[in-house]
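Novice: Here's the letter readout for the chains.
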Amino acid sequence: MNMNATLILQSIAMMVFVWFCMKFIWPPLLKAMDERRAKIADGLAASDRAEKALADANQEVEEQIKAARDKAGEIVEQANQRHGQILEQAKDDAVSERQRQVAAGEAEITQSANQAREELRATVANLAVLGARQILEREVDEEAHRELLDKLIAEI
Amino acid sequence: MASGSEAPTSGEYIQHHLQNLTFGQHPDGSWGIAHGAQEAAAMGFWAFHVDTLMWSLVLGVFFYFMFRNTAKKANSGVPTRFQAFIETIIEFVDTSVKDSFHGTSRLIAPLALTLFVWIFFMNLMDLIPVDWLPEVAKATGVSYQKVVPTTDVNATMGMAITVFVLILVYSIRFKGVKGFLGELVFNPLNPQQLGMPKVVWPFVMAFNLILETVSLLAKPVSLGLRLFGNMYAGELIFILIALVFTAGSGVVGAGLSSIFGEHIPWWFWAVSVLAVFATLWLNLKGRLDNKKTLWFVFAELLLVGGLAFLGGQLMHFGWAVFHILVITLQAFIFMMLTIVYLSMASEHH
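Read top to bottom, the protein sequences are chains A and B.
Under the numbering used here, residues 1 to 156 are what the first sequence spells out, in order.
Under the numbering used here, residues 1 to 349 are what the second sequence spells out, in order.
Because the hints were derived from the structure by calculation, they are not lab data.
Owing to the predicted nature of the structure, the values given are computational and were not obtained by experimental measurement.
This list has only true hints and no planted wrong ones.
Here are the simulated lysine to any residue pairs, SDA-like style, with alpha carbons at most 25 Å apart:
#: 1; chain 1: A; residue 1: Lys31; chain 2: B; residue 2: Lys73
#: 2; chain 1: A; residue 1: Lys31; chain 2: B; residue 2: Tyr64
#: 3; chain 1: A; residue 1: Lys23; chain 2: B; residue 2: Leu337
#: 4; chain 1: A; residue 1: Lys23; chain 2: B; residue 2: Arg81
Which chain B residues stay away from chain A? Per the calculated CB distances, all over 12 Å, these:
#: 5; residue: Asp28
#: 6; residue: Pro129
#: 7; residue: Gly176
#: 8; residue: Pro188
#: 9; residue: Leu211
#: 10; residue: Ser222
#: 11; residue: Val271
#: 12; residue: Ile324
#: 13; residue: Leu325
#: 14; residue: Leu329
From the three backbone atoms N, C-alpha and C, an ideal C-beta is built for every residue, glycine too.
Chain B with its partners taken away, still in its complex shape:
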């Protein structure tokens, strides 16, 4: 809910949410933050998405310290609950790696762990309500903020390309340059085995090379774009849900918020949020039973923003629950595919 001085249209609202905070060189030669999509596009390739980088670094560092702390204190005695939790993740990744990767590599298990946890954390940012962090950023004078790094194609392709480089390195390391190139030109149609005359060999090999190059390049592209596509779509749906219920509250507007018209003061939202929190807190303290709590929350939401608002909250809740599955699954798929690709790169076939 962009409760600024001028209410944005739906299109502006969505675009604002999908615009990264871009730092780069303006066409006039000066460096700075881009104001709007056109300026960002004009910066060309040599520009940086500050928000993507910052959040991914913050989450990466968070991952590092979370695991490093445990690793430092780790001993073979009785583990604390947190250590047991961390070890469960490690065990899970280790099993996944051992099941799929049959070579020996010191790199691959830590790589898989880093990718899984880091991507999971980056995806998890999607569950923070879409307006919270951008509004905070706005309050501190930063005009754009896209908080989920994995909804930025640069972040996902950056990781996918690193994995691609690793695929090449592993291919050459385990098969040699000759073996790797041979695999490119003698697969899937091997003219030697098919007993073709020497004359047609170059054509078959060229055909093979094209096919194999496409399938090789498809690996990083599918890896990066799958994650990006899933997260981008998920984020967009959160934005649309947010848009639907804020826009709806004005139109259907049965709730208290309609009396303020276009400009809803911030304290109204603060009071609303506090009321819901208080209800849930009372439930946790055992003063309210579950059924009453649910009815109270429903009533509060209805009172605040009317039917559209309540519907929006329910949709948001439903999508968020589903999204928990999506973000975990996507992180797992990225990790799993990385392992499988590297495993394929290190085996003859």
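Chain A on its own, in the form it takes in the complex:
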């Protein structure tokens, strides 16, 4: 164990290395590390924010879906109502049409009956005239007896 001037040189070497480290190693490395730390902190904050935004968006979507569902229900309800209305109206229309047709048929029947009755009456009148002519065996003055005949016809 002999002390000698190695001591001094070692001391100088140490100072130089410490200076190197102070100047060229420590600051850039620490800067990079601090920057990365800040970046990571930002990233974590951003992810927190994103998570919150996602939750908000989810909630909004939920609300929108709920609203849409309500709307759809409403529309279906309306459609059902409309459906009922249409059905009702169609029923009404059908009923009135049937009544109308029934009425028309009845009118036609009545008309035909009247016509038939007129024809029958005319025929009967002619037949009556013919019969009377044959009964009287003489020319009946049509005009003289017209009034009588008409009375007869009306009685038929």
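Got chain A sorted already, so can you dock chain B onto it with the hints?
Specialist: Only chain B this time, still in chain A's reference frame:
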């Protein structure tokens, strides 16, 4: 294993390992490398341990480039594995500094980092087998080589004294000359607070000054000598283990090496080392399972040097594993104490 032309005795072997390569002025006035401990001692104070300085510089430069490269490429993006590793060390040192040092100083964290990593590297040289680098040096004509700078008291005290100077500078910077001197003479017995008569003040202050000076000087001494003592002892044990199994192989000598007698040719060691490497390589390639590999290595060691050699290898392995803890711990303690001393210097108490 100093397999030179003349086999050294145990004492010579140890002494050779503990002798630094010293450059200085011989008593006759010429400058040169000392041949042996006596010549080195005769050089007095103005001599330099070339090996200590060279290795500490090499390791310091290695530290510088290792960290500088990372620092240059460092960015706040995703770090590479190596950058993450470097940043872990930085973070560790930074936390240690912030925990202990409450003042503001631009110097102290880089100082702590430099001390920690540099001392760790210097200590790490201890894990290189004790004969490798000295033998290489010998082959290139350099007679002495002590490769672990921290086993040289000059290196550790050099750093400790620098720290001591920093302690003084910090004391004066944060407390002023008056405050610093006041702390020296009014601690630990403060005559004013104890209500002593004015007559005894000078005696109490002198007493305080002696105590405080001793405790102040104890700081660099404990700092430097603790590291030196630990590393020196560790190195010595490696040397002793190396000595035990080389010496033992001659005596117990069951292995193949005994057939060569005193002079074991270099190729024998090369073949032995290659055989062990090949076994381990096969294991890494998956051709040998772990159990077989262990048995093979054991058998090879036994075949090469006998029981003593095998025992020596196992002891070396055990001590090396333990030493990994020691070198890290010592580097950490040196760094931590530096921080604590500077912290104490910058705070009033």
